[in-house]
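Enquirer: Here is what each chain is made of, one letter per residue.
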Amino acid sequence: MAEYLSQYIPYWIAYALIGLIQAGLLLALMLVTVAVFTWVERKVSARIQDRLGPTRRGGRFGWLQPPADGIKLLLKEDLVPKNADAFFFRIAPYICFCTTLCVFMAIPFADGWVAERLNTGIFFVLAIAGLGVFGVVMAGYSSGSKWSLFGAMREATQVISYEVPMAMALVVPVMVAGTMDLVTIGNMQAGWFTNWFIFHDPFTFIVFWVYFTCAVASTNRAPFDLPEAESELVAGFMTEYSGFRWAIFFMAEYGSMLVVSCLAVILFFGAWNGPIPVTQFLGLTNDLHPIAGFAANLLGLANCLIKACICMTVIVWVRWSLPRLRIDQVMATCWKYCVPLAAAMLLGAMLWSYAFPAGLLFRNQAFGYASEKSDVMSDIKNGKVARAEKGGRQTWK
Amino acid sequence: MAIEKIGRNPVEQDVYTDEMLLNMGPQHPSTHGVLRLLLRTDGEIVLEATPHIGYLHRCAEKIGEKVTARQFIPYTDRLDYLASMNMNLGWALAVEKLLGLEVSKKTQHLRVIMCELNRIASHLVAACTYGLDLGSFTPFVWAFREREKIVNLFESVCGARLTYSYLTVGGVTADLPNGWLGECEGFLDQFNRSVDELHALLTSNAIFIRRTAGIGVLSPEMAIAYGCTGPVLRGSGVDWDLRRDGDPWYTQMYDGYEFDIIAETNGRYPNYQDYPPIPSVAVLGDCWHRFYVRMLEVMQSIRIIRQAMDRYSSADGEVGGPVKIKEKLAKGQVYLETEAPKGQMGFMVVGNGTAIPWRTRIRSSSFCNLSVTSELCRGCLIGDMPAVVGSLDIVLGEIDR
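So the sequence lines, in the order shown, correspond to chains A and B.
Just so you know, the first sequence maps onto residues 1 to 397 in the working numbering.
Just so you know, the second sequence maps onto residues 398 to 798 in the working numbering.
Among the hints, a few may not be true.
Stated by the list, open to error - Simulated coverage check for chain B against chain A, where a stretch passes if three residues somewhere in it have a Cβ under 8 Å from a Cβ of chain A:
(1) 538-546
(2) 708-720
(3) 775-783
Derived from the structure by calculation, the hints contain no laboratory data.
Here the structure is a predicted model, which is why all the values come from computation and not from measurement.
Even for Gly, the Cβ is constructed at its ideal location relative to N, Cα and C.
One chain only, chain A, in its complex shape:
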């Protein structure tokens, strides 16, 4: 798109414009999903608890509750406690929020529909998501309250501990795919739902549950929400935050829930490929007409988002069903259960791929990239690797 425009306007304006549009789209996607999910959480939790949830803002279903909450929070008093370190207190929420938002740059929602197609997509996602802990520790330390400090320390320990089994669990589908590029991983799961990586071998199936546990833990959702434990630390590291600063933390938490859900969907549940390959049946590909390709991608986007929303709803469901684990139990779960299990599954998946390189039962020769494995040498030969062109721009064919 940017190269197309750069025929008419200077290339740097084209790139800036396209960048802004993509950033705007990503921001819109994330923020709208987050807002909708605050509503979903309240409704789902209410129904689980045998009550109704918001029913006044916006008719019978209260769907205008999120904007109403947002406006209320904006109008609250901007409070910085006297004992707080003002600079860090102010900047901490934005660090949490921006790191979560930056992760969306590398996450594809349909074939080729990604802000920046990185061939180290997973690596980028994990690295940037891990920066969020800085914001949390800063928030807790600078609040000037012992309870906030406690919450921050617990949070820091928890998040960085759970990054280890999460990364190990994510290595399994990466290994099955042979690439870290999220778009390629998505394309490899085209076809029937049996092509999804979660059904590739039993080890990947089990490692999905390990990943799910670690994802819930790293986003501080119950049963691992000790840093925000209401009954113990009021709100942990967020205790001294009120008004819109708190809303930023809140959005960061839901944003990271969306991130881990999208990762789960892309790596395990076929990304934008539905259980039934409808687009192939209808023949909607780019060969037919660009509009058909666009329509196929739109369906893929819807598919991806619906699956991510289902994953997020399960996370919400789990939160309202289970009690909270104590911090030492959280650590024990990580180091004594998740890490060995993830390592064992990694070993098992490795051996499986060695024993059955073309898959065992479920890999059918469907359409598209069903059994294509990314191979750098063949990519180079086929001209799929980026070449340095004049001006150093990358192009993907």
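Given chain A's structure and the hints, the job is docking chain B onto it.
Expert: Below, chain B alone, put in the same frame as chain A:
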């Protein structure tokens, strides 16, 4: 490396770390009222927990010296406000013993119905705010749904939903309305299913067990030494319940009723096969057992209520009304303890021939139960504090009076 074992957690002694003085409360979501717990901690491990009370002191005992015995009933409501009927009963029985006033059998059966219903309501709050402290939000709402039905029953009887002032000196303020017994039976019929749901969400939940089993173990000797009563005492295995072992003036109310005292004898609870099994990690006297005792007591209360309703319907005579407001109290002193949901509540009246008592004294069950906190909390983690304090089921209205 010098490692000293405090409680269950080894503490490294040669790395010098400052001890932290943490204040939990008085405003705190999980300290069941305005309780201030001063914690001296070494990191996450609590070295000492000192409860500071008095934030809810309302001079109840002094007020007892200014109003007549019947006028004091609303003040007893506000002691353990979650079990007002039991508080009313304790005071009413004490004054009736001083006056030598025996109420009719029908009144006694009615009193049993009310007290046991309130026991169910109080235990529902206790069990599910306990779950709330530990992070389990849903059973709280479900239990309050059931409690709503009980409170509606009480509302149709006396008009109040929390502080009833219903059981008074001489009987009750008014007899049951028509159809009340049928509604009560309807409630009891559907209540078993709710209790099963609560068992599934809490008692048998692996995370709940991990948070409560083996935590805050109270030995029977320590429980007796500190004066703990009620589910706290029975959760440590001591078979003692005032409804069976108490003052005859009180136990005559429960004469002839068939119910089990929920205390573990020979490793088993009565009718253990009907309830979720005891997990292997649970130790007698820990938080899980105290919680389990409350859940089982609810089932026993249902049994008692059904029997009481039958006896009430078949009893002759009238339900006693309240005595005259300015009824003169005999000279003398009476101290009577009753089995309230949270433990043994004692009421002492000293009469001097006038209508107004010379002295009233309230022995609070939660006060003695709370006193064991500092012993139980030594060596546990901060995350265990809500677990321990919640399992003691304290209510500050009673402690501070």
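Enquirer: If you look at each residue in the stretch 538-546 of chain B, do at least three have a Cβ nearer than 8 Å to any Cβ of chain A?
Expert: Contact hint for the stretch 538-546 of chain B vs chain A: holds, 3 residues under 8 Å.
Enquirer: With a cut-off of 8 Å between beta carbons, are at least three residues of the stretch 708-720 of chain B near chain A?
Expert: As far as the stretch 708-720 of chain B goes, the hint is violated, because 0 residues have Cβ atoms under 8 Å from chain A.
Enquirer: Do three or more residues from the stretch 775-783 of chain B put their C-beta atoms closer than 8 Å to C-beta atoms of chain A?
Expert: holds (count 6)
Comparing the model with each numbered hint stated earlier shows that hint 2 is the single one that does not hold.
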